[in-house]
Amino acid sequence: MTDVAARPVTTIYRKPRSETGLWSWITTVDHKRIGTMYGYASFLFFLLGGIEALLLRVHLAQANSEFLTAGAYNALFTMHGTTMIFLFVMPASAAFFNYLLPLQLGARDVAFPRLNALSWWVFFFGGIFLYSSFIFGTSFAPMTPDGITGNIPINGGPGAFNFLADSPNGGWFGYQPNAGPFYSTGTAMDYWSMGLQILGLASLISSINFIVTVFNMRAKGMRLLRMPVFAWMTTVVAFLMLFSLPIIAVALFLATFDRQFGSVFFQASNGGDPILWQHLFWLFGHPEVYILILPAMGIVSEVIPTFSRKPLFGYSAVVFAGAAIAFLGFGVWAHHMFSSGISPVAQAAFGLATMTIAVPTGIKIFNWLGTMWLGKIRFNTAMLFSVGFVAMFVIGGLSGVTHSIVPSDWQQTDTYYIVGHFHYVLFGGAIFGLFSGLYYWYPKLRGRLMNERLGKIHFWLMFIGMNMTFAPMHWLGLQGMVRRTWKYPAEAGLETWNQIETIGAFTIALSILFFMYNWWRSKTHGEPSGLDPWDARTVEWMIPNPTPEYNFAVSPVVESLDDFWRRKYTEDEEGRAVRRPEADQVIADLEEIGHNPPAPIHLPNPSYFPFLVGLAITIISYGIIYHTSAWGKALIVGGVLLTLISFIGWGIEPLEDEPDDAAPGNLQPAEAH
Amino acid sequence: MRSRLRSLRLAGLVLLALVVSACQLVAPDVEDAPLNSLDPQGPFARQIDDLFWPVFWIATGVFFFVQLAIIVAAIFFRDRPGRKEPKQIHGNAKLEVIWTVIPALILATIAVPTVRTVFDLTECSPDAMRVEVIGHQWWFEFRYSNLEGIPDGVEIETANTMVIPADEEVCALMTSEDVVHNFWVPKLNGKRYLVPGQETILRLQADEPGTYYAHCAEFCGLSHSLMRAQVEAVPRAEFDAWLARQLEPAAVPDEGTPEFEGLQVFQNAGCVQCHAIDFEDNDQNITDNVLPRDAFNGPNLTHFADQYRTHFAGAALPEHGEDYDTALKRWLADPPSVKPGSFMPDLGLTEAEIDDLIAWLKTLE
Amino acid sequence: MAEAVHPESHGHAEHESTGVDSRKLGMWLFLSSEFLFFGALITNYLLYSNRTGFNIYPREVYDIPFTSVSSFVLLMSSLTMVLAHNAVSRDDQPQARTWLFATAALGSVFLAGQVFEFTEFIVHYDMKLTTNPVASAFYVLTGFHGLHVAIGVFMLLSLWGISRFKGRLSEEKGMNVEMVGLYWHFVDIIWIVIFTVVYLIDAARV
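Protein chains in written order, with the working numbering: chain V, 1 to 673; chain S, 674 to 1038; chain B, 1039 to 1244.
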């Protein structure tokens, strides 16, 4: 690891040079470090969103409960949804993309390392911004357009935890005009709309980065159809983000203008159309669902072949099914609005379009089954989570099909049936997939394996807990429990199942404690993994663990799909895998060369400009919320100036030190310090 | 061998658990759940129900097929000592086609009745009785006009309880005065938005007289969960009689009675800012529409104590098993503590004033 | 996002690649996203513009001759941008500087025209952001376009400044000129769409 070329001190800039400590993390442009930070930050938000969920579940364990005030309840379910989608699953997927995409492609970094750091800092500050609403936000009772206000008594109505009611409370979907200036007064929903805008910007930047990386940075011989499925799903998700985020950006800008500057896009009393918001929101929101699930599908498509010791069944079918899901995902948004009174023609069309999505989804599931079939399956924790993913995702998929039966959806939409459905997809699906990935790729991070015993306890507790929590939601919904309901009446017969769900939720929480302990303990006590702990198939396992700073000492040359497997195994006349005699030597050689690069490797320089731009954008956002006051205006001006200065600095800062770059040394950027 | 047996036993247990859960769904033990969507009581809800079950069973079939495949794979293809390395199969084009085409065919089969039902249920028949439904934060208002028995230009307004004739189609013409709401009477039909500035329709029909519960299904602010309603289906004759009663104005109680005191409270404490009462000649200076119709307006209380209007405060009160008077007292004393964010403020009424007010309100039959 | 980070230079030949420069590819991707952004805004405008009953519509207050002139100015700036790029490829630094500055100047003239137009609408016709949804949609759409022009002007001036103080735009910065050019042409094309659909076609309905 000592052969990394020492970074020469350049003459014209004082550039960040620390390699350890806080400053090195702030200025890093290394995709692995950025991925790691994404991972930890998203897990922190996962815990916050989980605590919110637990509070909600405690509240709902009782009919007519007054554990939380109505305001606190609404704020918690809004923030639970917003957090889990935008601050947990998306950035957790980004963590995997960041860490693994270059490794799976055989590259040393992403195409734009500094833009990558920018995505991360914009995301991180966006998350902080959103959560700062718990401290700075305000929220009052609704006001009709003619100025008559409702009341929240001093004690916030019956219940406790009313201090939580000052954070965003208009739902993660922010339906207008309820989330607009008259019905969500105060700044809470401003934090929501501006916060989502910031987070969207972060994802947009990374989507561009990932697509260019895939198009231009693949190792020699790594043709598109030799890429691991996870890299494929990253690409598909990046395109989904690229094309869906501008829509939500427009929707959020319209809402922000309504709230901040008095435009009337969604104010019916002025001729605005509240349904337009829903169209724009779901035109983004449905692709968003696939943004959340496709990364997990990619992970599962890596884990199942490895532990079945078979290639992925129908590789190209799985890849194209993923692309088809993404493509169709843009044409089904109105199934979130079947009860909105859109025309029957539209309802029928969107219903049919929704049904068609079941076909590529089914292809994926059957191909995973086909991979396991006749395999030699090792059920370690990573594999358990992946198989759990298939089993649970099927349930979510099937209940999804019932929504495409439009009239049936009229009964089920906005009930707990839907809540159950998408938790099977997002918890049983996305989260199981992400945990599977964590157990699978943990050695890349630490050079050690996670503890299997603790891992299995984690899996089974989580599996049981999640079914206890989310399965009853289906029949609660069918029995008439509407969503987002602070109180349900005692006579509705809903209490028993709600209590079981609450127990289930705490079971999940317990399983997370096992996971956290395992994660922390394995760092020092885990079994050393070596280079190839799983007898893996793909290129990212051809380098030492933990991953060296430069990834590949020598860029690999790829000759087939599952190139690493090909180097270790051949097939006998029956088609069965036979380990090559030289396989152990291949691994030893890779280990050796991975630690000792034959030639010096230049790595991109750290930079503090991404951090500064992220900070500046957040400052502008605070300024916009308080733009009516003088200091709000000052924040906007200051933020804009900081952005411009940072971008200029960014533009003239060289990415790498090039010794023969004869740059004149007379320019001192203003912010050099 | 033993491990295979153990796995089989485990698989059996898992399957059993799944079957039990599925049965839960098929035979819900709470058949009297007021909002049970699996208990259709009218032709439209039944049409939806008839569509749901076949799909449910197909889904159940697929569910068992996939789970069984996973369990079989987990048992038979598990890595055991002596197990040979697997064949490196990369795929099978024939299988891919099969598992693409079969789901597509199943879906195409489901699609036909789906589309038909969509078109069936989105338009009212022309001779159906029209009732306007207006959503407010957080209560439903129902208006009847242009019906047989109602003079031209007269509109009957009621809140929380929608009275309809049984076994007749009723067409709800719906809109909202503030945010998006969603009117859902699960036993009579699916749900439909109430959108400010737009009109949506919902077909309702109950086979038998009875009370059918309704709930707002779209998140509409602080007290969304307390925005409930009832649909009271009554025989045609009783419906006509009810309509006739609704046309009668409220009576002014005799002076000196608690009821009269209650009316004084009503007039002086600020209730008239939002609530209208129709008196015979309106010499009490309580007029309709103190506020413009399209601005905020509380429920018309002329028939507050109508026999079908058994609930108030967005039909959230009285709670199950709670005494009507106790609930009303609780409500009048501090509305926002019952219904957070309620536009009806705490007027600081004394106990005696509340008693008088209740006495008077109960005369408004 | 026009600032550019060039991919790892070492070992570039060992990569499978589209052959398109990464920065250019990134810019194209960004612009494809921007197309949808403006597409949504234009759709939003058309949706409300097609509704009846509003007290005032932007199409009733347009000054088509005036906007035609400012559109022409913006169109000309695309021409000067091409000339600037051309000069950089010939390594004719003084020419490049001149054309970059001219482009920024023409962009600024267009922005000044927009400020004048907004003031006119607000002061003389009382059509404000808050008046009705179609007015809101008009201001937000054209305002966002104006913001894009302003960012473009900032980038052009930055390039001009680099060229001015560093003496020359290196080949690497030449790529930057091409990228800013891409962005600038995009902003122009979007304006042509807006001017046609939102101004001309809409005004023809009065």
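Just so you know, the hints here were simulated from the structure itself, not pulled from any lab data.
Positions of the beta carbon are idealized from the N, C-alpha and C atoms, including for glycine.
One or more hints might be untrue.
Distance ranges between label pairs, derived from CB positions [stated by the list, open to error]:
no., chain 1, residue 1, chain 2, residue 2, range
1, V, Met-516, B, Phe-1073, 23 to 31 Å
2, V, Gln-62, S, Ala-942, 33 to 41 Å
3, V, Pro-344, S, Thr-930, 55 to 63 Å
Hints numbered earlier in the text: which of these fail when held up against the supplied structure?
Hint 1 alone not satisfied by this model.
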